[in-house]
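With chain A held as given, fit chain B onto it using these hints.
Line order of the protein sequences matches chains A and B.
Numbering of the first sequence is given in our numbering, commencing with residue 1 and proceeding in unit increments.
Numbering of the second sequence is given in our numbering, commencing with residue 1 and proceeding in unit increments.
Hints in this document: simulated from the structure, not taken from any laboratory.
A quick note: this is a predicted structure, and the numbers were derived from the prediction, not measured.
Among these hints, one or two may not hold up.
Note: identical chains are not told apart, hence a pair may lie in one copy or across any two.
Claimed, not checked - BS3-like, lysine-lysine: derived pairs with alpha carbons at most 27 Å apart:
no.: 1; residue 1: K77; residue 2: K109
no.: 2; residue 1: K77; residue 2: K62
no.: 3; residue 1: K62; residue 2: K109
no.: 4; residue 1: K62; residue 2: K72
no.: 5; residue 1: K109; residue 2: K9
no.: 6; residue 1: K9; residue 2: K72
Protein chains: 2
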Amino acid sequence: MNTRIPILKLGNCLLISIQWELDDQTALQFQEDLLHRIYETGANGVVIDLTSLDVIDSFIAKVLGDVINMSKLMGAKVVLTGIQPAVAITLIELGIQLEGVQTALDLEKGLETLRRELGE
Amino acid sequence: MNTRIPILKLGNCLLISIQWELDDQTALQFQEDLLHRIYETGANGVVIDLTSLDVIDSFIAKVLGDVINMSKLMGAKVVLTGIQPAVAITLIELGIQLEGVQTALDLEKGLETLRRELGE
Numbered sequence: 001m002n003t004r005i006p007i008l009k010l011g012n013c014l015l016i017s018i019q020w021e022l023d024d025q026t027a028l029q030f031q032e033d034l035l036h037r038i039y040e041t042g043a044n045g046v047v048i049d050l051t052s053l054d055v056i057d058s059f060i061a062k063v064l065g066d067v068i069n070m071s072k073l074m075g076a077k078v079v080l081t082g083i084q085p086a087v088a089i090t091l092i093e094l095g096i097q098l099e100g101v102q103t104a105l106d107l108e109k110g111l112e113t114l115r116r117e118l119g120e
Numbered sequence: 001m002n003t004r005i006p007i008l009k010l011g012n013c014l015l016i017s018i019q020w021e022l023d024d025q026t027a028l029q030f031q032e033d034l035l036h037r038i039y040e041t042g043a044n045g046v047v048i049d050l051t052s053l054d055v056i057d058s059f060i061a062k063v064l065g066d067v068i069n070m071s072k073l074m075g076a077k078v079v080l081t082g083i084q085p086a087v088a089i090t091l092i093e094l095g096i097q098l099e100g101v102q103t104a105l106d107l108e109k110g111l112e113t114l115r116r117e118l119g120e
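Just chain A, with the same shape it has in the complex (with noise of 0.2 Å):
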């Protein structure tokens, strides 16, 4: 069974969809596989579209506000995409730390902002 999140390199971005609501083990696989990633193909951003999401729980919030932060430390800009209302109310309420994260509508836009900031 698969249960990974697969991870789409465009460029010297990583592309990321979260679709479904993830489950613990899922997004700590999803963690480890983008952190490998990031340091396997010298990414220097990323995008995380949430768009699909409605609703996130607290683990897979933290494992987010982690996993982002974590990235950063690796020297990759993140944007998040999508956030839904439900998603955005979960991530403040839970204090989780996304400081310095550009967000944007939808991929597309999520995609133009890291390569502006970027400088390309």
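Below, chain B alone, put in the same frame as chain A:
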């Protein structure tokens, strides 16, 4: 458990990366999801990236051939990227019809090919 393949929308193209061997159920679900997304979004291009796929079994090869032909029927051009040797061998040996399907080295080149084909 999530055993679906995320389909990313970038402009008027859909991007799919198949990174692990699919089981039969996931492959059929993917076929249904992709056709539904083409209809829903009006996408006129699809890039299916197989870079991380080492091998492909005959059932999955058939589903892949089918979904490409179905997408074309629905008006979307398909580009396959990152086909590895063993995958190419399986597709040809099984006589999977991939007429008129463009291929490219990686996701980025696939997207370029598609945009050129679509006259953008």
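Hint check:
| no. | hint | in the structure |
| --- | --- | --- |
| 1 | K77 x K109 | both (15 Å within a copy, 23 Å between copies) |
| 2 | K77 x K62 | within (18 Å within a copy, 39 Å between copies) |
| 3 | K62 x K109 | within (25 Å within a copy, 35 Å between copies) |
| 4 | K62 x K72 | within (16 Å within a copy, 41 Å between copies) |
| 5 | K109 x K9 | both (17 Å within a copy, 11 Å between copies) |
| 6 | K9 x K72 | both (17 Å within a copy, 25 Å between copies) |
Hint violations for this structure: none, all hints satisfied.
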